[in-house]
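With the sequences and hints as input, model every part of the structure.
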Amino acid sequence: MRRLLSIWLPLLAFALFLLFPFYWMVLTSIKPNAELVSVTANPFWVAHPTLDHVKYLLYSTSYPRWFWNTMAVASAATALSISVSFSAAVALARLRFRGSEGVSLGIYLAYLIPPAILFIPLAEVMLKLGWFDRLWSLVPVYSTFLIPFCTWLLVGYLKSIPRELEEAAMVDGASRVRIILEIILPLSAPGLISAFIFCFTLSWNEYLYALVFMSSPAHKTVPVGLATELVRGDIYQWGPLMAGALLGSLPVAVVYFFFVEHYVAGMSGALKG
Amino acid sequence: MMRGLSLDRGPLLPTLLLVPAAVLLGGLLALPLVLGVLLGFKDATIGEAGNFIGLDNYRYLITDPVFRITALNTALYTLVTVVFKLALGLALALILNQRFAGYRFWRSVLLLPYVVPTVLSAFAWWWILDPQFSFISWALLKLGILDQHVNFLGSAWLARASLMVANVWRGIPFFTVGYLAGLQSVPKELHEAAAIDGASSWRIFWEITWLLLLPLTTILTIFSAIFTFTDFQLIWTITRGGPANATHLFVTLAYQRAIPGGALGEGAAIAGFTLPFLALLAWAALDALRRQP
Numbered sequence: 003m004r005r006l007l008s009i010w011l012p013l014l015a016f017a018l019f020l021l022f023p024f025y026w027m028v029l030t031s032i033k034p035n036a037e038l039v040s041v042t043a044n045p046f047w048v049a050h051p052t053l054d055h056v057k058y059l060l061y062s063t064s065y066p067r068w069f070w071n072t073m074a075v076a077s078a079a080t081a082l083s084i085s086v087s088f089s090a091a092v093a094l095a096r097l098r099f100r101g102s103e104g105v106s107l108g109i110y111l112a113y114l115i116p117p118a119i120l121f122i123p124l125a126e127v128m129l130k131l132g133w134f135d136r137l138w139s140l141v142p143v144y145s146t147f148l149i150p151f152c153t154w155l156l157v158g159y160l161k162s163i164p165r166e167l168e169e170a171a172m173v174d175g176a177s178r179v180r181i182i183l184e185i186i187l188p189l190s191a192p193g194l195i196s197a198f199i200f201c202f203t204l205s206w207n208e209y210l211y212a213l214v215f216m217s218s219p220a221h222k223t224v225p226v227g228l229a230t231e232l233v234r235g236d237i238y239q240w241g242p243l244m245a246g247a248l249l250g251s252l253p254v255a256v257v258y259f260f261f262v263e264h265y266v267a268g269m270s271g272a273l274k275g
Numbered sequence: 039m040m041r042g043l044s045l046d047r048g049p050l051l052p053t054l055l056l057v058p059a060a061v062l063l064g065g066l067l068a069l070p071l072v073l074g075v076l077l078g079f080k081d082a083t084i085g086e087a088g089n090f091i092g093l094d095n096y097r098y099l100i101t102d103p104v105f106r107i108t109a110l111n112t113a114l115y116t117l118v119t120v121v122f123k124l125a126l127g128l129a130l131a132l133i134l135n136q137r138f139a140g141y142r143f144w145r146s147v148l149l150l151p152y153v154v155p156t157v158l159s160a161f162a163w164w165w166i167l168d169p170q171f172s173f174i175s176w177a178l179l180k181l182g183i184l185d186q187h188v189n190f191l192g193s194a195w196l197a198r199a200s201l202m203v204a205n206v207w208r209g210i211p212f213f214t215v216g217y218l219a220g221l222q223s224v225p226k227e228l229h230e231a232a233a234i235d236g237a238s239s240w241r242i243f244w245e246i247t248w249l250l251l252l253p254l255t256t257i258l259t260i261f262s263a264i265f266t267f268t269d270f271q272l273i274w275t276i277t278r279g280g281p282a283n284a285t286h287l288f289v290t291l292a293y294q295r296a297i298p299g300g301a302l303g304e305g306a307a308i309a310g311f312t313l314p315f316l317a318l319l320a321w322a323a324l325d326a327l328r329r330q331p
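Heads up: the sequence lines are chains A and B, in that order.
First residue of the first sequence: 3, per our numbering; consecutive thereafter.
First residue of the second sequence: 39, per our numbering; consecutive thereafter.
In short, the hints are calculated from the structure, not lab data.
Heads up, a few of these hints could be off.
With the C-beta cut set under 7 Å, the calculated list includes, among others, these residues of chain B facing chain A [what the hints assert, rightly or not]:
| no. | residue |
| --- | --- |
| 1 | Pro155 |
| 2 | Phe173 |
| 3 | Ile174 |
| 4 | Val215 |
| 5 | Ile257 |
| 6 | Phe270 |
| 7 | Gly305 |
C-beta: ideal position from N, C-alpha, C; glycine also.
Written out as structure tokens, the structure is:
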């Protein structure tokens, strides 16, 4: 009885609130238009499930293109950011050099500068570089909000690897580069997995830069494509829109569920100084 | 052997390791930040570099009624949602911190709102809040509580409240994850000792758990505040700042004025208004992180 009140009832309330929008997404994407606009049908259920919305999305819109665009940009931005962050984190956490305090502070401040205040001047920079409406240009752009977070995460992780291992290898005459590649890199695997999940999910989540910098339909990402090509104030778009939101959430959800422990560990690790 | 430029000692290796990060962050983050501040003092539009006009953008904005509403709305939105996210996030963490059947499953699933791309879940909220087909209206009509559909996004206060609910929905897991980590470090002996002394669980929570979590609360609150007051995705997807510019935050207004509107200088000035708050919060967060045990 006590557990019912202290665990199960409040948990149920949270589950209803936090999961309902996902239920709604799934329900809408398989509900035929006739039921979507019906005033008599029970809105919480579907009488005749259909795959029409998914078919429409896949065959009559550029959705598959947006999906692969997002996948390609997210993968490339993740690979770039993790390599750059790992090398920066090694320098900050494992090597002693003058000015390392200042660099750490700079990385921390960079993490707190949101894309939201950079997109206008960045548009200027992109125009000068001739990077406008080029899909690959999102890779270095996304790395600017991924690198600070990953570096911070990895510095915290690398500091927890005992120095004795390194010192032993040094005594054996190994060079610093070999120590980094053969001792530190393999030991950082859990930290790198956390960094991977965050880079990948944050890249899929990105909206503002892709919205401002990509203009042709062939270069859009999933969130931008759905928002600009499928939203036309027409109620009959709800089915495809929800199907698109659902399919677009899948890659992120899969990666998340696969590595959920790393996700939680990474997020709590990032809150430590 | 060449020993002059050795990777094994001296600053060469750390420098090489930091160069890629410095190039990317310097060119695409630090440089735009400086350019943005400068742009705020120019009358630039799309296609025209513009001239320096001093503080004119800022002067104009503080007399602009839309900007004033936006500033108030940003403050209100941040304050209200952060309080709810903190309270509900902590409550959920306290539930999940108990051991029960399937707690791993519940923890994973209940963090989903934070993981799924914001724009995509915002579409679901937009649909849930639809003026004609919202299930909330449907249910209220069926129960006989209302006699007409609720136009959630049609009036200023209802739209603001709706956006706050959607934002709280998305932000709860951020606090939950943070607090779950923090709760691991609250020593069980303290709770047991207090329970033996006959303290109620309510008192144990306020006088032990809450106090021990206070430094973490500060950090979580500051981070959440930064992400909330620079929010763009939710607002732009659900209301685009409407109805009648009532739900704009700084960033959605900056976007509207600068990109569709073409007034780059003015947009940059709106973003510029956030910088002092950001600096203050960044300093406070740094201070809190350093104090953390």
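Structure-based check of all given hints:
1. Pro155: holds, 4 Å
2. Phe173: holds, 4 Å
3. Ile174: Violated - the Cβ of isoleucine 174 of chain B stays beyond 7 Å from chain A, reaching only about 10 Å at its closest.
4. Val215: Given a least distance of 5 Å, the restraint on valine 215 of chain B holds.
5. Ile257: holds, 6 Å
6. Phe270: Phenylalanine 270 of chain B check passes; min Cβ-Cβ to chain A is 5 Å, inside 7 Å.
7. Gly305: At about 5 Å, which falls below the 7 Å cut-off, the nearest Cβ of chain A leaves the hint on glycine 305 of chain B intact, so it holds.
In this structure, only the earlier hint numbered 3 is contradicted, and the remaining ones agree with it.
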